[in-house]
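Engineer: Here is how the chains run, residue by residue.
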Amino acid sequence: MSVSDKIVESLVKNKVEFVTTVPCKQLAGVIAGIENTPEIMHIPSNKEDEGMGLCAGAYMGGKRPAIIMQNTALGVTFNTLSSLTQFYNLPLPMIISYRGEIGERVAIQVEMAVHTKALLQQLKIQTYHFHEPDDIRDLDSILNHTFMSRKPTAILTDSNFWGGY
Amino acid sequence: MIRSDVIKDLIPVITDELVVCNIGLPSQELHMMDDQPTNFYMLGTMGLASSIGLGLALTQKSKVIAIDGDGSILTNLGTLPTIANNPADNFVLFIVDNGSYGSTGDQPTYAGMKTSLAAVASACGCENVVECQAEDAVETMKAALASDKMTIIVCKCESGNIPVPVIELDAPVIKHRFMEEVKKRNA
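In order, the protein sequences belong to chains A and B.
In case it helps, the working numbering puts the first sequence at residues 498 to 662.
In case it helps, the working numbering puts the second sequence at residues 4 to 190.
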């Protein structure tokens, strides 16, 4: 089973029923998996902060949400993460492709990679880093922890985790 | 008529519905005139009222009204294609279009110049787009609620503000009482 399939399996197991996505090459498999999973309503968004708004509404509608996005977009989500997600105590798992880490082929991706963890730390966002494919085993607990704590959680998934690309 | 007149007129029609209200003065006006657990006040995050409203409408059965503004729609213009392509027939997006950024001192928006938000919404694929004048806001809202079709209303009104107190409710309290209402309505 691919890590993409394992992510979708974990989302379903943890009753995540609303997922918004903004594409990334590394995330193509998981986005396709979500689209083909009847238990999950998939609403693609045009920008990550818009997606976080959709997730806030879905949570208040009684569904567990998640967002799937690339780390390069972190900057445009700062206001939303602080003044919506955090200020209203909303849980939000963010499954993030960690572009610009070891194995990256596109130099410019490294520019945001070097800021990624520092920015998340600045916002005091609980952050987990999946480097080995086996790290997926923690996803169930991380999702559970996110909904328990009613906070956003970043799950950074790097090139090595996806088996290169 | 200015925005606060429009909101005041709408209150009898929307008071029992789930309302997601835009940041700043719109939320403060609604809070001052008709505070209800069915109102979700945005205290921050300009632009996301329509996104929160759509997410809410797609995930539960009750009708949802998002009160948005022309400036906020322009801030999050990507919302209109998302709304158009994921229609929720229990959703009414009500855009108060006063051609200005009211909460920050009435600076003009492009919606008050060459840009027609109704035309933009239609071009994005929204099927039921109605542009109305402030005087017709109530009838237009009633018709949208009765239609059981997702509707985008662009309500043209004059720019201007009234003095309103800030909202002292804590954000998690606003969320909690709102979610309790959502649960009740979907029980």
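None of these hints come from the bench; they were simulated from the model.
Be aware that one or more of the hints could be misleading.
[Said to hold, decoys possible] Simulated coverage check for chain B against chain A, where a stretch passes if three residues somewhere in it have a Cβ under 8 Å from a Cβ of chain A:
hint	region
1	79 to 89
2	93 to 107
3	132 to 146
4	155 to 164
[Claimed, not checked] No more than 20 Å apart at the CA atoms, straight line, and that leaves these computed lysine to aspartate or glutamate pairs for EDC-like:
hint	chain 1	residue 1	chain 2	residue 2
5	B	Lys186	A	Glu514
6	A	Lys648	A	Glu629
7	B	Lys64	A	Glu629
[Said to hold, decoys possible] Simulated restraints, written as ranges between beta carbons of each label pair:
hint	chain 1	residue 1	chain 2	residue 2	range
8	A	Ile599	B	Leu172	21 to 27 Å
9	B	Thr18	A	Pro630	52 to 58 Å
10	B	Pro166	A	Glu532	46 to 52 Å
11	B	Val176	A	Lys512	23 to 29 Å
12	B	Ala146	A	Ile599	55 to 61 Å
13	B	Val176	A	Val603	16 to 22 Å
Predicted model, so just to flag it, every value in this text is computed and none were measured.
Even for Gly, the Cβ is constructed at its ideal location relative to N, Cα and C.
Engineer: Does each hint hold? Answer for all of them.
Structural biologist: Right, here's what the structure says about each hint:
1. Here's how the region 79 to 89 of chain B fares: 6 of its residues keep a CB closer than 8 Å to some CB of chain A, so the rule of at least three is met and the hint holds.
2. For a cut-off of 8 Å, the count of residues in the region 93 to 107 of chain B with a CB near a CB of chain A stands at 0, and the three-residue condition is violated.
3. With a cut-off of 8 Å between beta carbons, the region 132 to 146 of chain B has 0 residues touching chain A; three or more are needed, and the interface restraint is violated.
4. Residues of the region 155 to 164 of chain B lying with their CB closer than 8 Å to a CB of chain A number 0, which falls below the three-residue condition for coverage.
5. Proposed proximity of B:Lys186 and A:Glu514 is supported: the alpha carbons are some 17 Å apart, at most 20 Å.
6. Among the hinted pairs, A:Lys648 with A:Glu629 is inconsistent with the structure: their alpha-carbon atoms are about 25 Å apart, more than 20 Å.
7. For the proposed pair B:Lys64 and A:Glu629, the alpha carbon gap of about 42 Å is over 20 Å, so the pair is violated.
8. A hinted range of 21 to 27 Å is violated for the C-beta pair A:Ile599 and B:Leu172, which are about 47 Å apart.
9. Taken as a hint, the range 52 to 58 Å holds for the pair B:Thr18 and A:Pro630, whose Cβ atoms sit roughly 53 Å apart.
10. Taken as a hint, the range 46 to 52 Å holds for the pair B:Pro166 and A:Glu532, whose Cβ atoms sit roughly 49 Å apart.
11. As the Cβ distance of B:Val176 to A:Lys512 is approximately 26 Å, the hint placing it in 23 to 29 Å holds.
12. One distance hint, 55 to 61 Å for the beta-carbon pair B:Ala146 and A:Ile599, holds here, with the actual separation near 59 Å.
13. Range check, B:Val176 to A:Val603: Cβ separation about 45 Å, and the 16 to 22 Å hint is violated.
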